[in-house]
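Residue numbers (my numbering), protein chains in the order written: chain P, 1 to 125; chain X, 126 to 288.
Check each hint, because a few of them may be wrong.
Stretches of chain X that chain P covers, calculated by requiring three or more beta carbons in the stretch to come under 8 Å of a beta carbon on chain P [what the hints assert, rightly or not]: (1) 139-146; (2) 152-166; (3) 269-280.
Residues from chain X that keep clear of chain P, each with C-beta distances beyond 10 Å, as calculated [stated by the list, open to error]: (4) S178; (5) V185; (6) G187; (7) L208; (8) F220; (9) A237; (10) P244; (11) V247.
Since the hints were derived computationally from the structure, they do not count as laboratory data. Where is the CB? At the ideal position from N, CA and C, for every residue including glycine.
Given next are the chains, with one letter for each unit.
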Amino acid sequence: MTHAADLPLWAALPVAALLLLGAGLALAGSIGLVRLRSFYDRMHAPTLGTTLGIGCVLLASMLCFSILQSRLVLHEILIAAFMVITTPVTLMLLARAAVYRDRQEGSREVPPLPPAAPRAERTEG
Amino acid sequence: MRRRLPTCVATLGLFAMWLLLTGNVSPGSLLLGAVLAIAGSAALAALAPPKLSLRRLSSVPGLLRDILVEIVRSNNAVARIILRPGGAKTRRSGFVRVPLDMRSPYGLAALACILTATPGTVWVEYDSSDGTMLLHVLDLIDEEAWVRIVKDRWERRLMEIFE
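So here's chain P without its partners, still in its complex pose (with noise of 0.2 Å):
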């Protein structure tokens, strides 16, 4: 950030308010993880930070560097892209895991499968 000093003030204030509201949502996301209970809940305080947080942080990011032209905006469109993309699989793989696990030990909070697929392991059985 050499040029933020060039950024003008009608510039400046909306790229500070964004900046802090994504970091408030992120710090709001790293709360839950500790104010939450159970570990499902905490799989959702994360994307607080993954979704608006980092939205908002990208928004002041095209911002300031297209009034500083110094480039094109298409960094930020691609990391918001990949963001959407990724973000699942990696909460969808934490959650199966955990699913499975609780299944293993047969916690009373997780669903049992649906009804078709002890059906299927009985005809092979």
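Given chain P, put chain X in place with the hints provided.
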């Protein structure tokens, strides 16, 4: 030819993306970009992705707008749940099993992205044998309402595009 055409599109697309990202047209950068583009599209072709057919693209902008609105709304809702003092006792979270009519893998992937991108809902698993999806909802009041939200707000419109 029909099989090689998508590979060419993927190669050119990756190459263009590389050039735009690096913003550099020196011979070394061009060569590295070309190698990466060819390797990437070859990997894609080796995965043998199922055929993608898109219809009714006119409904995509409206859908994207609704997704953005929903992301902002649910971010606000989840942030309130987290920051509300002592709110954990009154709130109930839980699983909802949603029967889906959509079978297109691309449509299901898009639905998973939408549901995960809106805080408060996480797609847990999909059972392809009976076409049901397990959803975890942070603030669960009414199971039936969530089934209706998923089916009416997202699935019906994704089916218009992908099936």
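The hints, checked one at a time:
| no. | hint | verdict |
| --- | --- | --- |
| 1 | 139-146 | holds (count 3) |
| 2 | 152-166 | violated (count 0) |
| 3 | 269-280 | violated (count 0) |
| 4 | S178 | 20 Å, holds |
| 5 | V185 | 14 Å, holds |
| 6 | G187 | 18 Å, holds |
| 7 | L208 | 6 Å, violated |
| 8 | F220 | 5 Å, violated |
| 9 | A237 | 5 Å, violated |
| 10 | P244 | 4 Å, violated |
| 11 | V247 | 5 Å, violated |
Violated hints, in rising order: 2, 3, 7, 8, 9, 10, 11; the structure is consistent with all others.
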